[in-house]
Amino acid sequence: MTAATTEFRTCPVTGFKVDLAAEKLIIVNAVTAIVFLLVGGVMALLVGLTRWPAIHLLPADMFYKFLTVHGLAMLVLWIVFFEVAGLYFGGAVVLNARLVTPKFAWGAYALMLVGAAMTSVIVLFTNTSDVMFSAYVPLKAHPLFYLGIILFAVGTILACVIFLATITVAKKEKTYEGSLPLFTYGLLAAAIIALFTLASGAAAFIPAFLWSIGLFENYDAGVYRVLFWGFGHSAQQINLCAQIAIWYALASITVGAKPLNEKLSRFAFILYILFINLGSMHHLLVDPGLGPFTRFWNTSYFMYLAVLGSMIHAFSIPAAIEVAQRKKGFTNGLFEWLRKGPWKEPGFAALIISIVIFGFIGGVTGPIIGTNQINMLAHNNWRITGHFHATVVGGTTIAFMGITYYLIPLIFRRELVGKKWATWQVYIYGAGLVIMATGMILSGTLGAPRRHWDITFANATFPVQFEGAMTLTMTLMGIGAVIAAVGGAIYVAIAVLSLLFGEKKEASSLTLIAS
Amino acid sequence: MTTKRNEHEEDESAPGTVVLTFIFFAWFALLYLGNWWLMAQQWPMR
Chain L
1 MTAATTEFRT
11 CPVTGFKVDL
21 AAEKLIIVNA
31 VTAIVFLLVG
41 GVMALLVGLT
51 RWPAIHLLPA
61 DMFYKFLTVH
71 GLAMLVLWIV
81 FFEVAGLYFG
91 GAVVLNARLV
101 TPKFAWGAYA
111 LMLVGAAMTS
121 VIVLFTNTSD
131 VMFSAYVPLK
141 AHPLFYLGII
151 LFAVGTILAC
161 VIFLATITVA
171 KKEKTYEGSL
181 PLFTYGLLAA
191 AIIALFTLAS
201 GAAAFIPAFL
211 WSIGLFENYD
221 AGVYRVLFWG
231 FGHSAQQINL
241 CAQIAIWYAL
251 ASITVGAKPL
261 NEKLSRFAFI
271 LYILFINLGS
281 MHHLLVDPGL
291 GPFTRFWNTS
301 YFMYLAVLGS
311 MIHAFSIPAA
321 IEVAQRKKGF
331 TNGLFEWLRK
341 GPWKEPGFAA
351 LIISIVIFGF
361 IGGVTGPIIG
371 TNQINMLAHN
381 NWRITGHFHA
391 TVVGGTTIAF
401 MGITYYLIPL
411 IFRRELVGKK
421 WATWQVYIYG
431 AGLVIMATGM
441 ILSGTLGAPR
451 RHWDITFANA
461 TFPVQFEGAM
471 TLTMTLMGIG
481 AVIAAVGGAI
491 YVAIAVLSLL
501 FGEKKEASSL
511 TLIAS
Chain Z
1001 MTTKRNEHEE
1011 DESAPGTVVL
1021 TFIFFAWFAL
1031 LYLGNWWLMA
1041 QQWPMR
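Chains L and Z are the protein sequences, given in the same order. With this note's numbering applied, the first sequence corresponds to residues 1 to 515, in that order. With this note's numbering applied, the second sequence corresponds to residues 1001 to 1046, in that order.
Note that these hints are calculated values from the structure, not bench results. The structure displayed is predicted, hence computed values, not measured ones. Heads up, the beta-carbon is just placed ideally off N, CA and C, and yes, glycines get one too. Possibly wrong hints are sitting among the right ones.
Stated by the list, open to error - Cβ-Cβ distance ranges computed for the label pairs, FRET-style: (1) L1033/Z / Y176/L: 43 to 51 Å; (2) S509/L / A1040/Z: 55 to 63 Å; (3) T168/L / S1013/Z: 33 to 41 Å; (4) T1021/Z / L305/L: 16 to 24 Å; (5) T1021/Z / T14/L: 30 to 38 Å; (6) R9/L / M1039/Z: 55 to 63 Å; (7) E7/L / S1013/Z: 40 to 48 Å; (8) L1038/Z / N261/L: 37 to 45 Å; (9) K140/L / W1036/Z: 34 to 42 Å; (10) A1040/Z / L305/L: 25 to 33 Å.
Said to hold, decoys possible - Computed from the model, here is a short list of chain Z residues facing chain L with C-beta under 8 Å: (11) E1012; (12) V1019; (13) F1024; (14) F1028; (15) Q1042.
Model the full structure from these sequences, guided by the hints.
This is the structure in structure tokens:
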């Protein structure tokens, strides 16, 4: 399809020229993302209720199957499908450009969907592949488990290449002036990180696939771990870039905030590209196969340059909100701008809650448990799980939920059903997350291992004793998980009801509740 | 006569965010040092 044959509409609110082919792809990728969020969310509730000692719901075999699918669905499938929707939005819509090769974009979607379904089905409906998200060698899964991940990765690489081609063609066809908008720039950083992340994933999973079909006998477990974490943790850095791009967008949509120093914000994204993947090495801090220089240099020096990037954004976005609010007259004292923010606007609530949970729980725990000496005690205990639920779920997922409420009227062109519920949803989900992550972190600090069906070792020959307080902290986790599941269910319900029954009409304003 | 260097500079000030940043640093320091203290309590080779 060329520029001459591309069909556009003009958004009456934003003024964007929207490529209709891109619009369809954004819708289908976003809907698929929400379906996988639902799948992963149901698994989350069941896993959470199993780890709640008083309930201990699932038998062991189902627990590990559901935990494997939960990890894949929430850490990869929901987020990456949503990110691909974001790439097409940021690449085509925000730049008033046409999406390059929509047919290939549909091919990418098909590959991702087939791969995602293949891996999920093989884990859930066979007894061959409950190997967890990390699938550490020498645990051997069914070949279709690896093949599904490989197909998904190839589809995602294709989507990233289409995004890069789209912004290149947009520049050539002069659909925008000057530098890339900051939102698209953040997504560009995400796409670049995605490409080398997925390359590392391919290097881990293609040999694993060949090994699983018996083409060779041994696959070095140490090599796999290095390659896997080049994919496994770096995948979360793609989320981080996309999440921060969305933070800037939500700040702009809800209070009209503009970055204080756009060059500095762009520089922070470059810090991510250069250094954040090296932080993946913190997964290997107790790995005996790697020398101290490799482990410490990456985790104790380079990773902090990526942390600096996060600190820049963490200052820049609230400061931009403050400046925008002060310009509106909220100048009394230090915090009137915050107190009188549009707290009933779901996007603003999602933005602030996402920043607070990501920064004050997820962000601070990361460098702490990534410190070598502390890692000796924290490694593979539940503190780690608490940390990444605060970052990936409290940070990324809440940001994605927040922007969804604006994409539905602007891109799906449907009236959002239950606007007030959208606001409540953000608070309920955020509260559940805080309680759950805190329960996990406290349990881990008391010594609870992660990924474990029964840490009491009820029928073990040798009794295992933990602090009595752990029952309380694990119960806290369970209560938080139930509250978060209610919040997640409200999000899915609002999205589905809006898509099915929301009035079909063009959006009339950028905000939903605040004026 | 004003002491402001320029209007633009005053418009861009964010004193509340500066305070929030220091609260964040204090929280991080508390957790970081607390974890080292905790580690000292649990370290097996003492």
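Hint-by-hint comparison with the structure:
no. : hint                         : result
1   : L1033/Z / Y176/L: 43 to 51 Å : holds (48 Å)
2   : S509/L / A1040/Z: 55 to 63 Å : holds (56 Å)
3   : T168/L / S1013/Z: 33 to 41 Å : holds (39 Å)
4   : T1021/Z / L305/L: 16 to 24 Å : holds (19 Å)
5   : T1021/Z / T14/L: 30 to 38 Å  : holds (32 Å)
6   : R9/L / M1039/Z: 55 to 63 Å   : holds (59 Å)
7   : E7/L / S1013/Z: 40 to 48 Å   : holds (47 Å)
8   : L1038/Z / N261/L: 37 to 45 Å : holds (38 Å)
9   : K140/L / W1036/Z: 34 to 42 Å : holds (40 Å)
10  : A1040/Z / L305/L: 25 to 33 Å : holds (29 Å)
11  : E1012                        : holds (6 Å)
12  : V1019                        : holds (6 Å)
13  : F1024                        : holds (6 Å)
14  : F1028                        : holds (5 Å)
15  : Q1042                        : holds (6 Å)
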